[in-house]
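**Student:** First to last, the protein sequences are chains A and B.
Position 130, counted from 1, in the first sequence is what numbering that gives the first Met the number 0 calls 129; the numbers after and before it change by one each time, with no gaps.
Position 330, counted from 1, in the second sequence is what numbering that gives the first Met the number 0 calls 329; the numbers after and before it change by one each time, with no gaps.
What the hints contain is simulated information worked out from the structure, not anything from laboratory work.
Each residue gets a CB set at the ideal place from its N, CA and C atoms; glycine is no exception.
Each hint should be verified, as a subset may be incorrect.
Here chain B is said to cover these stretches of chain A; the calculated rule only asks that three of the stretch's residues, wherever they fall, bring their Cβ under 8 Å from a Cβ of chain B [to be verified]: (1) 95 to 106; (2) 121 to 130.
Anything over 10 Å on all C-beta distances counts as not near chain A; from chain B, calculated [stated by the list, open to error]: (3) G84; (4) K100; (5) K103; (6) V119; (7) V122; (8) F139; (9) G157; (10) S158; (11) A236; (12) V284; (13) Q323; (14) D354; (15) D385.
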Amino acid sequence: MKKFSFLLLTVLIIWSCTDNGPSGPDADDFDREAILVNWADNIIIPSYTNFSEATEQLHTDAATFSEFPTASNLLTLRTSWESAYLAFQTVSVFEIGKPMELRYRDNLNIYPTDTTEIENSIQSGSYNLQLPSLNNSQGFPALDYLLNGLGEDDAEILTFYTSDPDAENYRRYLTDLTSRIDSLTSEVLADWTSGYRDEFVSNSGNGSNSSLDMMVNDYIYYYEKHLRAGKIGIPAGVFSGSPLSTHVEAYYSNDFSKELFNTSLDATQNFFNGVHINQPSESGESLSSYLDYLNTMKDGSDLVTLINNQFDAAREQAALLDNDFSAQVESNNTAMLSTYDELQMNVVYMKVDMLQALNINVDYVDADGD
Amino acid sequence: MIRLKSFLTLFLISAILVSCDTNDGTKIEVPSSYEFTRNGETTVSFSGQTTRIQMGHELLPAMLDFDNSTKELLLQMYRNQTESGGDVDPFESAELNAATKNIKGKVAASVDYFSNNTAVSAVIKNQFETWISGQIEEVFPNRNTLAAEGQPGQIADGSSTRYVNGKGFEYNQLVGKSLIGALMTDQMLNNYVSVSVLDAGTNREDNNDGTLAESSNYTNMEHKWDEAYGYLFGTSANPANPLATLGDDDDFLNKYLARVDNDEDFAGIAQETFDAFALGRAAIVEGQYDVRDKQADIIRENISTVIAVRAVYYLQSGKNAIDQTTPDYGAAFHDLSEAYGFIYSLQFTRVPGSDSPYLTKTDVEGFLAELEEGNGLWDVTPETLDNMSAEIAAQFNFTVEEAAN
Numbered sequence: 000m001k002k003f004s005f006l007l008l009t010v011l012i013i014w015s016c017t018d019n020g021p022s023g024p025d026a027d028d029f030d031r032e033a034i035l036v037n038w039a040d041n042i043i044i045p046s047y048t049n050f051s052e053a054t055e056q057l058h059t060d061a062a063t064f065s066e067f068p069t070a071s072n073l074l075t076l077r078t079s080w081e082s083a084y085l086a087f088q089t090v091s092v093f094e095i096g097k098p099m100e101l102r103y104r105d106n107l108n109i110y111p112t113d114t115t116e117i118e119n120s121i122q123s124g125s126y127n128l129q130l131p132s133l134n135n136s137q138g139f140p141a142l143d144y145l146l147n148g149l150g151e152d153d154a155e156i157l158t159f160y161t162s163d164p165d166a167e168n169y170r171r172y173l174t175d176l177t178s179r180i181d182s183l184t185s186e187v188l189a190d191w192t193s194g195y196r197d198e199f200v201s202n203s204g205n206g207s208n209s210s211l212d213m214m215v216n217d218y219i220y221y222y223e224k225h226l227r228a229g230k231i232g233i234p235a236g237v238f239s240g241s242p243l244s245t246h247v248e249a250y251y252s253n254d255f256s257k258e259l260f261n262t263s264l265d266a267t268q269n270f271f272n273g274v275h276i277n278q279p280s281e282s283g284e285s286l287s288s289y290l291d292y293l294n295t296m297k298d299g300s301d302l303v304t305l306i307n308n309q310f311d312a313a314r315e316q317a318a319l320l321d322n323d324f325s326a327q328v329e330s331n332n333t334a335m336l337s338t339y340d341e342l343q344m345n346v347v348y349m350k351v352d353m354l355q356a357l358n359i360n361v362d363y364v365d366a367d368g369d
Numbered sequence: 000m001i002r003l004k005s006f007l008t009l010f011l012i013s014a015i016l017v018s019c020d021t022n023d024g025t026k027i028e029v030p031s032s033y034e035f036t037r038n039g040e041t042t043v044s045f046s047g048q049t050t051r052i053q054m055g056h057e058l059l060p061a062m063l064d065f066d067n068s069t070k071e072l073l074l075q076m077y078r079n080q081t082e083s084g085g086d087v088d089p090f091e092s093a094e095l096n097a098a099t100k101n102i103k104g105k106v107a108a109s110v111d112y113f114s115n116n117t118a119v120s121a122v123i124k125n126q127f128e129t130w131i132s133g134q135i136e137e138v139f140p141n142r143n144t145l146a147a148e149g150q151p152g153q154i155a156d157g158s159s160t161r162y163v164n165g166k167g168f169e170y171n172q173l174v175g176k177s178l179i180g181a182l183m184t185d186q187m188l189n190n191y192v193s194v195s196v197l198d199a200g201t202n203r204e205d206n207n208d209g210t211l212a213e214s215s216n217y218t219n220m221e222h223k224w225d226e227a228y229g230y231l232f233g234t235s236a237n238p239a240n241p242l243a244t245l246g247d248d249d250d251f252l253n254k255y256l257a258r259v260d261n262d263e264d265f266a267g268i269a270q271e272t273f274d275a276f277a278l279g280r281a282a283i284v285e286g287q288y289d290v291r292d293k294q295a296d297i298i299r300e301n302i303s304t305v306i307a308v309r310a311v312y313y314l315q316s317g318k319n320a321i322d323q324t325t326p327d328y329g330a331a332f333h334d335l336s337e338a339y340g341f342i343y344s345l346q347f348t349r350v351p352g353s354d355s356p357y358l359t360k361t362d363v364e365g366f367l368a369e370l371e372e373g374n375g376l377w378d379v380t381p382e383t384l385d386n387m388s389a390e391i392a393a394q395f396n397f398t399v400e401e402a403a404n
């Protein structure tokens, strides 16, 4: 309460300050629908379309491998898993509408994956992947374990699908996972293309339930919890005190966590700038142009420039990291922590300065923890 | 703010009373730690309270141990004996198995509220057994089923999985949060800091004369006060200075006193409560019973407030989870299950200077019936939750907004 009134006071003071000069542009005068159209048509729907093609390929290759579990089919499947996992990084942020209802991200990417639960399900041959308690034994991290973590080398991994007493169950579990990723993705894409797009675009007001407010909240939540904390902060031990090398994304593949991180970082920066997913040289209305319209400054500097510079600083810092983050936190965790610190700077610029300029309230709080 | 003012008034009054009382000399300082000795040995003891909190800590996770728990085992953990009174060893801890204490015997068992009301006491004691049995009979067989209206099973709450009955309630939360009222709060506010218990029999005379309880280093009155203290700080890392680890020491009152204290609208309530315990205990040593009873009033107001604040807090969290385009039922059910337990606990609160709770058993039952109506939490409305929040807050010196944030 007190905090709120203090905030209100601060906001009022800031308002009265700007009122003294020539009246600046009002956040509410900007054409918010133009942003929503650009997001939906040039970023969100094409990203889901690309991803959906990748998940279809993933399932096809898993089915082929399941039928003919050869070394070469394993390599093919692994490649399509990597492509799909990278494409997932471009859609994971859009947890709005159907994905929110399906709890899409929790179904596709909870890590570390629960290998005991995976082995139990395979052994029993009976499982319902719709159960929330099985969220952490499916999706991309579970596939990582099945494709990279079962044995020391490919020959050993192959035995689980060929000569193991449960080989048939391993094959079936694998294709059940790829089938579920593919069908959930089809469901999300179909929702966007069969009505939700128009609903999303036309909900262009400025209340807390407007598309822009909700999407921006989802975007910052993703940046804070899944990019900054999930990919970097948690493995680096920011929240636990000591590094957790097993908590990196794609732990079993040993050389993939950095590429996933970079793809996610690029996707969040491109979204901020409204860059079209399939034509990176083109861009449309987005948060950056909205902030430009408002001439948003922070301590005398242009906020858009600050945010983009900060994205670049995080990328440069991350460039120094090992391709395998689990090796990185074990050999030199300071470099991971420095990356985290660069990412954290943009939480402040976006969650505080940007939201204040756009007159958007944060709609999530840290969980109570019980 | 208002609460602070009333505290200041109370403090002023008690200060005046202290000065009236201390015409004979001594003015008692608030001890900075809860340490009291006689002949070089401690006089503080509350092992029975520590034991019961620890038993609660084994019972709650056991309610979700699908692989090992049975109805018989859980009920034995609640009773620490068989149905017919035989000895049992349901706990992991050998110490708890050896203990003669149990949870059930002290549920709804205070002198002030239940000594003449054993029928209600029995109903409340049995209510916990009904919830425990429901967990085994309804939830356990459906643990691998998706929950739906009328269908017990599991539901996602963020990345956590919650296990609910057909109306969306988590029985483990009902048991855990209701014990805060029925066990800890009832024993503390309506038993151990009550004049009826502190001054029972020859306690006052014995305390004045320094007559010790049999084979003990404390007077009966000192011990009763310590037992009240034990229900809040009995599992503290350092019980003499418990605020350093407040919130980390149990999953019952200690935890939620910390939660409320961390809300800036209620900051200071933990220190105030500790000080009241310490000053009250010092007053007993000095034989200044008016000072003691003023501290009991502070304890009653503060502990009652903690329960009410958490009830409103969870009602509002649950409301926010439901009241959105895509309702988050899993998060809401978890919050509202906690709210249910805190509301249940309200009937054990105590208005200072009275013999009554802030909300009666009938009030509480009315609220709970509203939550349970029809399909329960599957169709409870934001309006119902708002009204309930307002009705609870109205009995206390805080607003819904202050409790909710």
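**Student:** Hints first: check each against the structure and report whether it holds.
**Tutor:** Comparing the hints with the structure gives:
Here's how the region 95 to 106 of chain A fares: 5 of its residues keep a CB closer than 8 Å to some CB of chain B, so the rule of at least three is met and the hint holds. Evaluation of the coverage hint for the region 121 to 130 of chain A: fulfilled, as 3 residues show C-beta separations to chain B shorter than 8 Å, against a requirement of three. The non-interface label for G84/B is consistent with chain A: the shortest C-beta to C-beta separation is roughly 35 Å, beyond 10 Å. The non-interface label for K100/B is consistent with chain A: the shortest C-beta to C-beta separation is roughly 26 Å, beyond 10 Å.
No beta-carbon of chain A is positioned within 10 Å of the beta-carbon of K103/B; the least distance is around 24 Å. Annotated as non-interface, V119/B keeps its C-beta farther than 10 Å from every C-beta of chain A; the closest such distance is 30 Å. With a closest Cβ-Cβ approach of about 28 Å to chain A, V122/B is found to remain outside the 10 Å limit, as its non-interface label requires. F139/B, annotated as away from the interface, keeps every beta carbon of chain A farther than 10 Å; the closest lies near 14 Å.
Residue placement check: G157/B does not keep its beta carbon more than 10 Å from all beta carbons of chain A (closest about 7 Å). In this structure S158/B is not separated from chain A by more than 10 Å, as the shortest Cβ-Cβ distance comes to only about 6 Å. Listed as a non-interface residue, A236/B keeps its Cβ farther than 10 Å from every Cβ of chain A; the least gap is roughly 18 Å. The non-interface label for V284/B is consistent with chain A: the shortest C-beta to C-beta separation is roughly 38 Å, beyond 10 Å.
With a closest Cβ-Cβ approach of about 8 Å to chain A, Q323/B is found to fall inside the 10 Å limit, against its non-interface label. The non-interface label for D354/B is consistent with chain A: the shortest C-beta to C-beta separation is roughly 33 Å, beyond 10 Å. No Cβ of chain A comes within 10 Å of the Cβ of D385/B; the nearest lies about 17 Å off, and the non-interface call holds.
Violated hints for the displayed structure, listed by number in ascending order: 9, 10 and 13.
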